[in-house]
Structure formats: C-alpha cells, structure tokens
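J.: So the sequences go chain by chain: A and B. Residue numbers for the first sequence, in the numbering used here: 1 to 108. Residue numbers for the second sequence, in the numbering used here: 1001 to 1113.
Since the hints were made in silico from the structure, they are not lab data. Since the structure is predicted, the reported quantities are computational estimates derived from the model, not experimental observations. Any given hint might turn out to be false.
[Stated by the list, open to error] Partial selection, computed: residues in chain A whose CB lies under 8 Å from chain B: (1) N24; (2) S28; (3) Y36; (4) G40; (5) G41; (6) S42; (7) H90; (8) L100.
Note that the Cβ used here is the ideal one computed from N, Cα and C, for glycine as well.
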Amino acid sequence: GQQVQQSPASLVLQEGENAELQCNFSTSLNSMQWFYQRPGGSLVSLFYNPSGTKQSGRLTSTTVIKERRSSLHISSSQTTDSGTYLCAIHNYAQGLTFGLGTRVSVFP
Amino acid sequence: DTTVKQNPRYKLARVGKPVNLICSQTMNHDTMYWYQKKPNQAPKLLLFYYDKILNREADTFEKFQSSRPNNSFCSLYIGSAGLEYSAMYLCASSDRVSNERLFFGHGTKLSVL
C-alpha cells in the first residue's frame, strides 16, 4: 500500500478560512517535510519537521512520529495560498517518499 | 531554493535522441537526488548519489544514467528519449551527516516530441 497518504485530496476555501491538511505515513522515517508545489511543478520547502510543531507566518506544521502523522494548518487563507501541498517522509533505505498532495483552491 | 540550480529550465527533445540535464549545489551536501514529476502524480525518485556512490531505483535502472564528477555537480542522462520521458525533473541535495532536509532546484521541464 501507499506509504504516504494525504487528505483531503482537494480543498476549496473562501478567503479568510482556516484549513487543516493531513499526512499519514505507514513506515518508519528519519524525517519529514512539507512542500508547496509551484504551478510549473517545482517545489518550495515549507517545513522540515522531524517532530513537534513549527510555525512560519500563517502556516503551522505538527508532526507526531509515534502516531505516524503530520498536519499542516493554514490560517486566514489567502488566494495566494492556492496550489498543491505535498508531504514527504525520508528514510535512508528509500530516500524521500512523497504523498499525492492536497490541492488547495482559495477563492475571494 | 536558489542554492540548487538546474539547467536548462526547459528542454525540448526528439524521440530517440539523448538528453542531458545538469544540477549544481553550493551547500557542500553529500547527497544529490533526481526525481521525476508528472502531472497528478507524486514525485518519483529515480536515483541518488551519496558521495560517489550511485543508487538507482530498480524500475528505472535501465532508463536513466547519472554522473557526479565532483561534490557540486550531478547530471541526469537519458540515452534515447521516449514520449514517456516528458516530465518535470527535479534535482535535490541534502547533508546526511548533519541534516536530512532536502533542498530542491526549480526543475527542468522536459518535453519529448
């Protein structure tokens, strides 16, 4: 089965709403990262978060390794937040394994 | 992350012709990776170099080659491009000893015609 599962697959928000993106993983890991995928396909690293909570502006990432899950919280969403958010786990045997992503659409 | 640079940004290739993509990083990272990204699919690891040791995924073993002449540079080589190679190719680097965080370049969009 898929090692990294993200939910929901897509999300539609009205500007100003909050959102919670989930990432569940079924294998052991050394670390995990959240990425934002640009429209052209390139990746922007949002968080490198082996465990615990990290915040950057309106984004907050929380990872609980023993429960094999991580979440990305977007507060007060803006239209510029629209895009695909990917989580990925890393272990030495397989490198970085990505989920399929959550496509977020924020409307004014 | 502009500290991982990929060239070119866009590449047009003919079916059956070779393709060579270049990646460089200035962070002195020991590990460099190549991923393939197609629309609506998760990025797929093709291969990675840890120092001078090349690790290739089993299902892409014969399709892609790579070289790493020094710590900063890594190439991805396709000997004979097929239509199925059209994709975004992402290079990344990390430092295994101190930090496993991966830094990605902007990618090279390859279109095979």
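J.: Against this structure, judge whether each hint is valid.
T.: Hints versus structure:
no.	hint	result
1	N24	violated, 14 Å
2	S28	violated, 13 Å
3	Y36	violated, 11 Å
4	G40	holds, 7 Å
5	G41	holds, 4 Å
6	S42	holds, 4 Å
7	H90	holds, 5 Å
8	L100	holds, 5 Å
Hint compliance for this structure: hints 1, 2 and 3 are not met, and every other hint is.
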